[in-house]
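So the protein lines, in turn, are chains A and B.
All you need for our numbering is the position in the first sequence, starting with 1, plus 15.
All you need for our numbering is the position in the second sequence, starting with 1, plus 15.
To be clear, the hints were calculated from the coordinates, so they are not data collected in a lab.
Being a predicted model, the structure only gives us computed values, none of them experimental.
Be aware that one or more of the hints could be misleading.
Identical chains share a label here; the pair holds if one copy fits it or two copies do between them.
Within a straight-line C-alpha distance of at most 25 Å, the following computed BS3-like cross-link-like pairs (lysine-lysine) qualify [said to hold, decoys possible]: (1) 153 - 456; (2) 419 - 269; (3) 77 - 416; (4) 70 - 416; (5) 373 - 250; (6) 77 - 24; (7) 77 - 108; (8) 269 - 373; (9) 427 - 108.
Number of protein chains: 2
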Amino acid sequence: MAAKPSIPKGTRDFSPVEMAKRNYIFNTIREVYHLYGFQQIETPSMEMLSTLMGKYGEEGDKLLFKIQNSGDYFSGLTDEELLSRNAVKLASKFCEKGLRYDLTVPFARYVVMHRDEITFPFKRYQIQPVWRADRPQKGRYREFYQCDADVVGSDSLLNEVELMQIVDTVFTRFGIRVCIKINNRKILSGIAEIIGESDKIVDITVAIDKLDKIGLDNVNAELKEKGISDEAIAKLQPIILLNGSNEEKLATLKEVLAASETGLKGVEESEFILSTLKSLGLKNEIELDLTLARGLNYYTGAIFEVKALDVQIGSITGGGRYDNLTGVFGLSGVSGVGISFGADRIFDVLNQLDLYPKEAVNGTQLLFINFGEKEAAFSMNVLAEVRAAGIRAEIFPDASKMKKQMGYANSKAIPFVALVGENEMNEGKVTLKNMETGEQKMVTPQELVSELK
Amino acid sequence: MAAKPSIPKGTRDFSPVEMAKRNYIFNTIREVYHLYGFQQIETPSMEMLSTLMGKYGEEGDKLLFKIQNSGDYFSGLTDEELLSRNAVKLASKFCEKGLRYDLTVPFARYVVMHRDEITFPFKRYQIQPVWRADRPQKGRYREFYQCDADVVGSDSLLNEVELMQIVDTVFTRFGIRVCIKINNRKILSGIAEIIGESDKIVDITVAIDKLDKIGLDNVNAELKEKGISDEAIAKLQPIILLNGSNEEKLATLKEVLAASETGLKGVEESEFILSTLKSLGLKNEIELDLTLARGLNYYTGAIFEVKALDVQIGSITGGGRYDNLTGVFGLSGVSGVGISFGADRIFDVLNQLDLYPKEAVNGTQLLFINFGEKEAAFSMNVLAEVRAAGIRAEIFPDASKMKKQMGYANSKAIPFVALVGENEMNEGKVTLKNMETGEQKMVTPQELVSELK
Numbered sequence: 016m017a018a019k020p021s022i023p024k025g026t027r028d029f030s031p032v033e034m035a036k037r038n039y040i041f042n043t044i045r046e047v048y049h050l051y052g053f054q055q056i057e058t059p060s061m062e063m064l065s066t067l068m069g070k071y072g073e074e075g076d077k078l079l080f081k082i083q084n085s086g087d088y089f090s091g092l093t094d095e096e097l098l099s100r101n102a103v104k105l106a107s108k109f110c111e112k113g114l115r116y117d118l119t120v121p122f123a124r125y126v127v128m129h130r131d132e133i134t135f136p137f138k139r140y141q142i143q144p145v146w147r148a149d150r151p152q153k154g155r156y157r158e159f160y161q162c163d164a165d166v167v168g169s170d171s172l173l174n175e176v177e178l179m180q181i182v183d184t185v186f187t188r189f190g191i192r193v194c195i196k197i198n199n200r201k202i203l204s205g206i207a208e209i210i211g212e213s214d215k216i217v218d219i220t221v222a223i224d225k226l227d228k229i230g231l232d233n234v235n236a237e238l239k240e241k242g243i244s245d246e247a248i249a250k251l252q253p254i255i256l257l258n259g260s261n262e263e264k265l266a267t268l269k270e271v272l273a274a275s276e277t278g279l280k281g282v283e284e285s286e287f288i289l290s291t292l293k294s295l296g297l298k299n300e301i302e303l304d305l306t307l308a309r310g311l312n313y314y315t316g317a318i319f320e321v322k323a324l325d326v327q328i329g330s331i332t333g334g335g336r337y338d339n340l341t342g343v344f345g346l347s348g349v350s351g352v353g354i355s356f357g358a359d360r361i362f363d364v365l366n367q368l369d370l371y372p373k374e375a376v377n378g379t380q381l382l383f384i385n386f387g388e389k390e391a392a393f394s395m396n397v398l399a400e401v402r403a404a405g406i407r408a409e410i411f412p413d414a415s416k417m418k419k420q421m422g423y424a425n426s427k428a429i430p431f432v433a434l435v436g437e438n439e440m441n442e443g444k445v446t447l448k449n450m451e452t453g454e455q456k457m458v459t460p461q462e463l464v465s466e467l468k
Numbered sequence: 016m017a018a019k020p021s022i023p024k025g026t027r028d029f030s031p032v033e034m035a036k037r038n039y040i041f042n043t044i045r046e047v048y049h050l051y052g053f054q055q056i057e058t059p060s061m062e063m064l065s066t067l068m069g070k071y072g073e074e075g076d077k078l079l080f081k082i083q084n085s086g087d088y089f090s091g092l093t094d095e096e097l098l099s100r101n102a103v104k105l106a107s108k109f110c111e112k113g114l115r116y117d118l119t120v121p122f123a124r125y126v127v128m129h130r131d132e133i134t135f136p137f138k139r140y141q142i143q144p145v146w147r148a149d150r151p152q153k154g155r156y157r158e159f160y161q162c163d164a165d166v167v168g169s170d171s172l173l174n175e176v177e178l179m180q181i182v183d184t185v186f187t188r189f190g191i192r193v194c195i196k197i198n199n200r201k202i203l204s205g206i207a208e209i210i211g212e213s214d215k216i217v218d219i220t221v222a223i224d225k226l227d228k229i230g231l232d233n234v235n236a237e238l239k240e241k242g243i244s245d246e247a248i249a250k251l252q253p254i255i256l257l258n259g260s261n262e263e264k265l266a267t268l269k270e271v272l273a274a275s276e277t278g279l280k281g282v283e284e285s286e287f288i289l290s291t292l293k294s295l296g297l298k299n300e301i302e303l304d305l306t307l308a309r310g311l312n313y314y315t316g317a318i319f320e321v322k323a324l325d326v327q328i329g330s331i332t333g334g335g336r337y338d339n340l341t342g343v344f345g346l347s348g349v350s351g352v353g354i355s356f357g358a359d360r361i362f363d364v365l366n367q368l369d370l371y372p373k374e375a376v377n378g379t380q381l382l383f384i385n386f387g388e389k390e391a392a393f394s395m396n397v398l399a400e401v402r403a404a405g406i407r408a409e410i411f412p413d414a415s416k417m418k419k420q421m422g423y424a425n426s427k428a429i430p431f432v433a434l435v436g437e438n439e440m441n442e443g444k445v446t447l448k449n450m451e452t453g454e455q456k457m458v459t460p461q462e463l464v465s466e467l468k
């Protein structure tokens, strides 16, 4: 029975130090969400497959973890069906539940099921793991947390403004310098509209994105190669060369998109969001970036993405406005806007830049060395006082060798150690040792508390 | 596609109010764990079935949620195997992973896999959901959280003492009056030993438990019925009638168990734990209770259980000392002691006794009513100040009818509302309305902050 245990590939154990860091990340995000009036919900890890299937494309369906039905999952299956060995088709017979793939579909399902209890606009956040049977690779896991916030049931652009304030506040608190990039689906649609190539949005944004690297001539050549007409390419020139401040870019776009109602609406929305944010004063830069083209089959208005300035890594937060969150479950007219912080990447960035505050990662503040039964009994009384004052403290439970006990303090990075011997007990005091400086002094329990507070 | 969505039976959505209450419970437990030097870990939701199977008995194996292998899970299966329709046997072919059933087995697996990184004694806590394909019924769910703390790698009874202090502190913070019941497996073994009926421990504890209800004669009759000899029943009399303070009970047991080394060891351990706790001064009562017989095939020393005094409900916390946590994974000699708080039952108790502190459940403290674009722009600036001061505040994103906006404040139980019109903007102030008293006054942003702090 002594099998060497392992964990499923793509999953992780989190050690105490990793957990402290992860909690620091989640708590920081959570606190800021609360400051803006967002409320937490949780949904079950399992959803009915009928809720999940068909929501993430054919590829997504394959990446769902399916849970085998309890009991006799063969019932009702003919020999022919079984022997067909059709893994996809039979999965739907063997399994009726699956693990959640993201937080958006369960949220949509939640809104529909609880619509009568919810007061709209509904500002909800959700921090829970999701599961995907993706091929595991560096930085990609089969179980990972998402931290989403959405406002549904309000079309006001103040929601976009506040989400950008949240992003700015969270990364300021982390000490991560970022550039917030913003775009608008309607501007992209407007561009496609005026050049008459509505199916080429992605080709256009990809080509524009290469301007710095390959130069204007090559960008134009690439557009031509993608089948875009000379006339359209000519019209695109001011957009490819779009430059300057956000205000300057918007002014140019207003001219170029003059013939597109949708495009102008996108410019207007971006203008409102950017000018309101300017008057509120963000700590981080926000930049209108037309090459930002995430979630084009999903987002209908503003699109955002956050890039870390001091670390080479993909986007660490993203989001946007969408229509009709819940239509697929029979409730139409619920639009919203949301963001999602990439906790795993933020974890990596904070590690690389060594930005975790000491107090966030440190656990126990004080360890009592155990010299024997009498000394331990004395220590336990002092411990009770110290803990009542809110200080995280422990006693080494066994009267082991000093070296082992000090090694324990070191490996847990405990900054102070208390020593209690005959002398200390007689005087009703403890000797407090600062593990960093090596300094020692005898103090009363009250002094101990104020030293550590 | 407009299917009416549902969630798997035995699972739950948690609304914002429920989440606030649950977070209050988890945070309280977590804070006390930290005060005692416990560190958090997390393990994956999925474990290899080889890790889980055979650890919870045959019944437990059936209650595991199994995850279907990705890709072609039929590969390597003969027609005969398939047509056998042996659900249990084929599950092990179709599935190699399962959802965790408790936190103990994953913890044991964690200790074995990470033994070289861990400094012992290892004081870990873990707060995560577990899944069981049990028949759902009132108060029993297929997905629920466990909140476990264990110390492994130390035989010191100070660990038992500290776990009881943790229990005492947690329930004191909750305001739930409890009785902590403690027993010791070695005392029960000693009793069985001296009466020569080692397989009858459970029958004996069950019968003793009925003393108050059915009286001594009936208890003795029941013991006889269970096949216990007259001589053994005679020896059991002082134990059945055990009474008085913990000290008195222990004195009696010392006499009765004089001939059992194991029994005396159990008495000695209980004496140490109870006398140390007495000198430390618990807020709640702790009682030696021989009828406490949980986890007899698992616990080897102290056994504890916590009962709420003011609500009729089963045990709300339990635990004990065990040997050989990790033997099944090839690492012997790791003993430990642990407790587990029953979060769902504590949730019910706090609800029934209405003990949630207001500040734990309340979210947003201040709502700005939205009277239009200009007013909203002014409000957003005040909001930024208020939030920078740490006050949870929001603005109704749309300039909807007053009634709708006030209804939103009411349904979210927001205690203060800020009104901004022409007057307020001219004076650089806001009108602050206390939603409970109806009182209104004009205040500067600075005054607003100090009112709400």
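### Message
Cα distance capped at 25 Å. Does residue 77 pair with residue 416 within a copy, between copies, both, or neither?
### Response
neither (56 Å within a copy, 47 Å between copies)
### Message
At most 25 Å between CA atoms: does that hold for residue 427 and residue 108 within a copy, between copies, both, or neither?
### Response
neither (50 Å within a copy, 43 Å between copies)
### Task
Give the relationship of residue 70 and residue 416 under a CA distance limit of 25 Å: within one copy only, between copies only, both, or neither.
Neither. Shortest intra-copy (60 Å) and inter-copy (36 Å) distances fail the 25 Å Cα cut-off.
### Copy assignment of residue 419 with residue 269, given that the CA separation must stay at most 25 Å
Cα proximity of residue 419 and residue 269: none, with 72 Å in one copy and 36 Å across.
### Task
Tell me, please, which holds for residue 269 and residue 373 at an alpha-carbon limit of 25 Å: within, between, both or neither?
neither (49 Å within a copy, 51 Å between copies)
### Query
Checking residue 77 and residue 108: alpha-carbon separation at most 25 Å within a copy, between copies, both or neither?
both (15 Å within a copy, 19 Å between copies)
### Message
Cα distance capped at 25 Å. Does residue 373 pair with residue 250 within a copy, between copies, both, or neither?
### Response
neither (55 Å within a copy, 61 Å between copies)
### Message
Cα distance capped at 25 Å. Does residue 153 pair with residue 456 within a copy, between copies, both, or neither?
### Response
neither (49 Å within a copy, 58 Å between copies)
### Query
Is it within a copy, between copies, both, or neither that the alpha carbon of residue 77 lies no farther than 25 Å from that of residue 24?
both (17 Å within a copy, 24 Å between copies)
Violation of the numbered hints given earlier is confined to hints 1, 2, 3, 4, 5, 8 and 9; the remaining hints are satisfied by the structure.
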